[in-house]
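J.: Residue numbers (our numbering), protein chains in the order written: chain A, -13 to 304; chain B, 42 to 488; chain C, 411 to 599.
Since the hints were made in silico from the structure, they are not lab data. Just to be clear, a hint being listed does not mean it is correct.
Under the rule of at most 20 Å between Cα atoms (straight-line distance), these lysine to aspartate or glutamate pairs were calculated in the EDC-like manner [as the list claims (entries may be wrong)]:
no.	chain 1	residue 1	chain 2	residue 2
1	B	448	C	579
2	C	539	A	43
3	A	271	A	302
All values reported here derive from a predicted model rather than from experimental measurement.
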Amino acid sequence: VLACTMSMTAVAEQFKIALGGSEGSGQYAVATKFVQELEAHTDDTARLFLNSQLGSEQNTVNDAAIGVLDFSIVAINNITPFSPSVGILTLPYMIQSLDEAIKITQGPEGERLVQNTIRDAGVRIVAWGYSGFRVLSNSKRPVKTLADLKGLVIRVPKNEIMIDTYRSWGINPTPMAWSSLFTALQQKVVDGQDLSLIDIKTSKFDEVQKYLSDIHYNFLLEPMIMSESVFQEQSPADQKAILEAGKLATQYSAKYLVQEEAKAKAELIKRGMEWDEVDETNWIKNATTKVWPKYYDSVGGKDKINTVLRSLNRAEVN
Amino acid sequence: MTETSIVLVLFGSFFVLLLMGAPISISLGVAALASYFYLGENPITFVQIAFTSVGSFPLMALPAFILAGALMEASGISKRLVNLAESFAGPVTGGISAAAVLACMFFGAISGSGPATTAAVGMLMIPAMANRGYDKGYASAVVASAGGLGIIIPPSIPMVIFGISAMGLAVPPEAIEKFGTFQSISISKMFIAGVIPGLVIALSLLVVNYFRCKRLGYKGTDEGWDFKHIARTMRSGFWSALAPLVILGGIYSGFFTPTESAIVAIFYTLFVGAFIHRELTWSAIFRSLETTTWLSGRIMLILFCATVFGRLLIENNIPAIVADSMLSLTDNIYLIWFLIIIFLLFVGMFMETLAAIMILTPVLLPVTYNLGIDPVQFGIVMICCLSIGFATPPLGENLFVASGISKVSLEEITVKALPFTLSSTVAVFVIAYFPEISLYLPRLFGY
Amino acid sequence: MGNKILHFLNDIEGYICRTLLALFVTLLFAQIISREIFGYSIAWTEELSVYMFVWFVYFGACYSARLAAHNRVTFQYKLMPSWLPPILEFITDLIWIAFNFYMVYMSYNFVFYKMNLFWKSQTLGIPMKYIYLILPIAFTLMSLRIIQVNYLKFVKGESVIDPDSQELDKLKSGELEGLNETAKAEGKS
Ligand code: NA
Ligand code: NA
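Please model the entire structure based on the sequences and the hints provided.
T.: Written out as structure tokens, the structure is:
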């Protein structure tokens, strides 16, 4: 009876969730799991808008902040411009394994970032999507050392940190829009690029790329954000249900990643790509000593970085 | 229920404003604003859309192609291309009017616009045809009908707009299950896909031209081919004939995006106009910049308003409703193509091409994808249909231009263009019913 | 002197646009040369040129309003009594101005109150606030241009003819020899 009266008083809502990805993407998996849990525990439901129908990821962050959009799933680097402290998660080699990603985002550091984002950007991170490391692919030769990398033309998105990272490794990467990438690889305008294994598989890059190098400088986090003003309009029970649905979606995302990444790797090797392990000692050294200092200020100081490193039992920077 | 009422508010206010004679852009914008108020939603998203709908790199191809085209006129490249085509006329029946069609194809390969093609070719070819005893009305009709090739043969401003309008569209999940993920449309791919359909339509025009000229007794020159003349126009037109290679070669080889290739074309034209033809003046450069300014300004204002309009359609699930009602009518793909083509030809009679593309793409593309029609092929058919609209009243831009040049009445040209309109329509049906015509070349180029 | 300033102000968007257009076209060309010939990609050119393009577009829309060049569907005017179209044109211009004012209100509100303070452009590092400022500016300016056109039409009795019709008139009067002026027909598609 109590449950019945509760649901009578709460207004059933249909939320809008914006996604950059299409059906079958990791974003889609997180969103559907979230909606499933939401529908199970509230009267609310949600509709997904795929393929950036509601605008680019950065626009959806703005829309959510203003309160004209309820939810959006975006790559973490599209939150950084609105809440710079989140940038700590995008520093090269800050996260070196899925376990570390889970430890940071679900621990006290993650909670601090959630609060910062509410304060700075007016949006609340309700779930973390884990999409794996960007591995390096190219069409020319196996890349196992920094010396192998020399002379390759590598495409990167228009992202300062990624550009700086490649520069620290001794090459000048080519920033290029995603839409022209496939053709550019095919025509050998660029030799290589980096992307998650799952994305390499779904984008069929194996048709134009031969070698894969297992590097771990960039772990893709795709949090699901909610408009804080919309969140505050919800009843306490619904707020609790939303956060709980978010937690379950987060856990589901990690499981989904492990499964799909293994499948993608096997499939790409089966289709004829070569998989190379990389000794990343020098890669890590260059990136952390040359790139990190540039971003100390924007992520909130060296101390914040050391707090995170301590929590992961890693050596601090000085 | 809300869906039907929102359609009434959105389209109702749009058509009322259009009939009152408000600018197309503002009709779209105000209709969208009215719908936001009606739905009780906050229209502040307009601000971001105003910025982001316009602020994209691929879209910069539009002013770049307009500027390149204007500069090519000023540099004497256009003139020489048309002369080159004219020199091939020779002793064939209907030779000079066939050369006019050829000139429109040549010109289409450097220009992205229909009326510009009509103007450039008509200015030289209509008097040339009249000199050889052609009826001026017929001469105008040929050029007005073939001018549409300017947007089918790449480069093409409507293709750029189609690619932009298709960006970020979503298709129903059932369609994805059947036909795979819906990827964004590459403008380069559109540019490759347009080549053969352009040739097919040109061929249909040439066939009709041949028979009509035969009946009208328009013979070629008695002397046969003038090889000296051909050689002369080829020599003088060498740098002009390179222009299409510069534009399309860069795109097809994958070295340049369409935007970049237009930029390269601009500097190529500046070089040829200033140092080889020595015809380019500072005042012509300023005039080209000025023309590009107001043309881009008004097109982009439409784009912003059409984007908000399209957003409302998507948020209210309208494309899916259209698809359902269409499928409830029939699921025969040929019949559906028939309905779509007739509808597009009808729209092309009244509506400005770019505005039509921006408004209709978000509605029709998801629908056709659901039916298994390749998005690129759909784009090509849509652009072919609208290109025919350049030569159909009441809004027939090519008719206006041709009539302006020849001083023949609009009505006369319209009637004399009718057989060409019909033959182009037949060609469009062929292009629609045989997808390979549009899709063979892109596949050959690895798209 | 005063006249010169007035003349300049009358065409100010034209000057701004021509400059922006020339600049971003040259910038993109430099980027292509640098990439293809020197193998060096400049990271910030694409972003800068896109922002210049947006400013170009909105000033261009104002300029287009000054020329009365925004496309309208007008064939139905021929079916109406001759006194009606001028009235309809005036009413639609009022609606247009109202729309512009609402855009000014929203974009001002967005830029100065709603926009995230940290939001900067990715490679240039300019606060997005300044880049978005074009919206309130342009929609204000556009309204002024619409008022100006109506003032010229109804108070001064001048006929403001859009460039498309001007071009056709020139074709009809045989003023154009050769191809140089047909540039204006470009892009009508
Ligand atoms: Na063309
Ligand atoms: Na028409």
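J.: Going straight from one Cα to the other, do residue 539 of chain C and residue 43 of chain A come out at no more than 20 Å?
T.: The hint holds at about 18 Å.
J.: What's the verdict on residue 271 of chain A and residue 302 of chain A, does the C-alpha distance respect the 20 Å limit or exceed it?
T.: 13 Å, holds
J.: Tell me if the straight-line CA distance from residue 448 of chain B to residue 579 of chain C falls inside 20 Å.
T.: OK: residue 448 of chain B and residue 579 of chain C at ~11 Å, within 20 Å.
Violated hints: none; the structure is consistent with every hint.
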